[in-house]
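Trainee: Residue strings, one per chain:
There are 2 protein chains.
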Amino acid sequence: MSEHSPLDLAAGDPYGPHNLPYGVFTPTGDDRPRVGVRYGDHVLDAGAAAAALGSPHADLLRQPVLNPLMAAGRPAWQAVRAGIREWLTDPGHRAAVEPLLHPLDGVTLHLPFEVADYVDFYASEHHATNVGRIFRPDGEPLTPNWKHLPIGYHGRAGTVVVSGTPVVRPNGQRKAPADPAPSFGPSLRLDIEAEVGFVVGAPSVLGEQVPLSAFRDHVFGLCLLNDWSARDIQAWEYVPLGPFLGKSFATSVSAWITPLDALEQAWTAPPARDRALLPYLDDAEAVPAGLDLHMSVAINGHTVSNPPFSGMYWTAAQQLAHMTVNGASLRTGDLFASGTVSGPEPEQRGCLLELTWSGRDPLELPDGKRTFLEDGDEVTLTAWAPGPDGSRVALGEVTGRIAPAVTG
Amino acid sequence: MSEHSPLDLAAGDPYGPHNLPYGVFTPTGDDRPRVGVRYGDHVLDAGAAAAALGSPHADLLRQPVLNPLMAAGRPAWQAVRAGIREWLTDPGHRAAVEPLLHPLDGVTLHLPFEVADYVDFYASEHHATNVGRIFRPDGEPLTPNWKHLPIGYHGRAGTVVVSGTPVVRPNGQRKAPADPAPSFGPSLRLDIEAEVGFVVGAPSVLGEQVPLSAFRDHVFGLCLLNDWSARDIQAWEYVPLGPFLGKSFATSVSAWITPLDALEQAWTAPPARDRALLPYLDDAEAVPAGLDLHMSVAINGHTVSNPPFSGMYWTAAQQLAHMTVNGASLRTGDLFASGTVSGPEPEQRGCLLELTWSGRDPLELPDGKRTFLEDGDEVTLTAWAPGPDGSRVALGEVTGRIAPAVTG
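So the protein lines, in turn, are chains U and B. 1 is the number of the first residue of the first sequence in UniProt numbering; add one for each residue after it. 1 is the number of the first residue of the second sequence in UniProt numbering; add one for each residue after it.
Heads up, some of the hints might be wrong.
Each computed DSS-like pair below joins lysine-lysine, with the alpha-carbon atoms no more than 27 Å apart [what the hints assert, rightly or not]: (1) U:Lys175 x B:Lys147; (2) B:Lys175 x B:Lys369; (3) B:Lys175 x U:Lys147; (4) U:Lys369 x U:Lys175.
Chain B regions said to be covered by chain U (calculated; three or more residues, Cβ under 8 Å) [said to hold, decoys possible]: (5) 40-53; (6) 157-164; (7) 385-396.
Negatives, chain B to chain U, calculated, CB over 12 Å [said to hold, decoys possible]: (8) Thr28; (9) Gln78; (10) Pro99; (11) Ala116; (12) Arg169; (13) Gly246; (14) Pro270.
Since the hints were made in silico from the structure, they are not lab data. C-beta: ideal position from N, C-alpha, C; glycine also.
Next comes chain U alone, as it looks inside the complex (with noise of 0.2 Å):
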């Protein structure tokens, strides 16, 4: 330990005690994943602390996943996001939480928790009409359900990584329209699809709907991910079943879940809806569920894109209220992701695709040009959120680094 404690923050520090999002980690020289909460630069051992300090929900927190913590339901979450804000500010617990804090560097951290089913939603107006302008220039660049319901698809929740996590090039099948058959090598079309993800926690019981009003009681937090897209492989297959093998490969989610009561000054109303909504979806009249996100999007290390989440089309409410309104039911470590975040202006796109019109328009790097991802690249995502006072709530980052295809 240094003379400056780590229990000492910075004033306005984005990881301070108003955030405190959840991750799993093991420190230098251990073994045992454990549940952490990141607090400045350093990270707690949550289940230590919860020992040390008598706490009911040790239980819930000495665990190697978050899933025992997010099954516990809205009134232990914020129970046990109370305990540790106290522990974490009280200087009568300075003694005993001090020596529980490992510094971020020198710890491993894991996927937080265990992924049940991945859903991925299609919510932004911008990405989804620039996507029907560069697929589908002659026709209506949305299709006729999209103000109507939230489009998604399941994903594969088996090949969901941490952030750090390298990305393989997948191989696949591939044909340009003008070629005469389709072609196997390495994806030459590779892409990031900058996202939110939502965690839940609380399940729901199969044949029962989530209204809208019950986000809350189910949605544990948030994360930052990257959702890696082969278009070339995606192209190919997608008709008509939807993508598979083009976005299966990897899905990167950021090491640190966010609690929705960390974003209590980031709520904010949807974009104005422009075709009356059936009353499952109808949120003229719900506490608004919009979230006021500040994402960036960098390609090693040289901002690419600021896509901003307020104006999402779909909430992640509504999204939540559409995949259980035919009775599916919510297990806990259901993840499902806002689709490409992308804004009304070009510097606002959230995916290589739309920021250089599918490859016409190459993006300048200060290490050269790029239509889509080249072997090396490194692709960060950070966001942040308005906290109390003027301050900022700071999301995990998520990053992953291109490897080259796997040959022979």
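With chain U held as given, fit chain B onto it using these hints.
Mentor: This is chain B only, laid out in the frame that chain U set:
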């Protein structure tokens, strides 16, 4: 026990020592689910037998789900199967084993494994052609990619349920082409999809493809599967990202998982390919991976179809190779299904959409006409495969009865 031992099966019993499917059951008056093996009309408590007979594999069998056995890999599967066959057929074990056999009609059967990811394919040329003709009457029935790759998509693992679970008619949005806007309510076009599901045992490593030749090292066994489908919900939602709520309310699987080693006499060559396949899918020189399964579909006890699985264009081995060719990893408990099994003849079609040609030609059942399923209808899928010496191997049936939609 009657004077007739449950170990003495009639000649040719389709659940004889050549079959030995695995399930999970709870005996009457007990509350601990455990691994069972079906033998005739009884279930062997496999973990208790393993313990009683000193099996080195008792830890794999004294479990509430099949996943530990499934994860153990093919040499263990073969050793365990050989042991169980010996326990059931060697007169020296009779006294120990007989008390561990429970009459099937006195036990509760459970979902036999924890489902990891669920993928549904679309592998019957007859089914895909019929569906294409119904939905796109003016276009080519098969999309250009269909004969180059086994089309598939991810479904919802959390709503896979065991045979016998009631299926609640889903609510959702549906919109006929002539309707000005979508309406909300119970699906009016609720359908069956008669399929075969393949259950992954041994996992694979992220980034590594599973070749055609490794199919039997990874796949533990198969089940019958009914991928219930709400055609009206599906038709409105599925462009451009594929089926979602039209499928995710329930997928029923049989309570019994048939080991691949029980199907030695059922392997058969798949249909001739009329397009050259890329090397990773080319099975011209491979061990035949088609399966001669004879399926039946019954509504309220009345057989409406007899789909032949041997005619499926894409084999399960090709599906597994395709699903992993982009580096996606397999987990123990991954379930992938064939897609609706339909043969070339009208009475071989595996769903009502085809059997009634989208409702145009109702079926005449003893209890009235059917276009799609009505509340109270019970659907049962059964199947058998050729076994040794002219015997049959029965696959476990999968049933489900339609319960009325939830209102209000």
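Trainee: Work down the list of hints and note, for each, if the structure agrees.
Mentor: These are the hints, each one checked on the structure:
Among the hinted pairs, U:Lys175 with B:Lys147 is consistent with the structure: their alpha-carbon atoms are about 13 Å apart, no more than 27 Å. For the hint pairing B:Lys175 with B:Lys369, the CA-to-CA distance comes to about 24 Å; that is within 27 Å, so the pair holds. Distance restraint check for B:Lys175 and U:Lys147: the Cα-Cα separation of roughly 13 Å lies within the 27 Å cut-off, and the hinted pair is therefore satisfied. Taking the CA atoms of U:Lys369 and U:Lys175, the gap is near 24 Å; set against the 27 Å cutoff, the hint holds.
Residues of the region 40-53 of chain B with a Cβ under 8 Å from some Cβ of chain U number 0, which does not satisfy the need for three, so the listed coverage is violated. Residue count for the region 157-164 of chain B with a Cβ under 8 Å from a Cβ of chain U: 4. That meets the three needed, and the coverage hint holds. Proximity of the region 385-396 of chain B to chain U, defined as three or more residues with a beta carbon under 8 Å from a beta carbon of that chain, is not established by the 0 residues found. No beta-carbon of chain U is positioned within 12 Å of the beta-carbon of B:Thr28; the least distance is around 25 Å.
Against the 12 Å criterion, B:Gln78 stays outside the reach of chain U, whose nearest CB is about 26 Å from its own CB. Every beta carbon of chain U lies more than 12 Å from that of B:Pro99, the smallest distance being close to 36 Å; the non-interface claim holds. Consistency note on B:Ala116: stated as away from chain U, yet its beta-carbon is not over 12 Å from all of that chain's, at 6 Å minimum. Once the 12 Å rule is applied to beta carbons, B:Arg169 is inconsistent with being away from chain U; the minimum gap is 9 Å.
Interface exclusion of B:Gly246 from chain U breaks down, the closest Cβ pair being 8 Å apart, not more than 12 Å. At the 12 Å boundary, the C-beta of B:Pro270 stays outside the reach of chain U, the nearest C-beta of that chain being 19 Å off.
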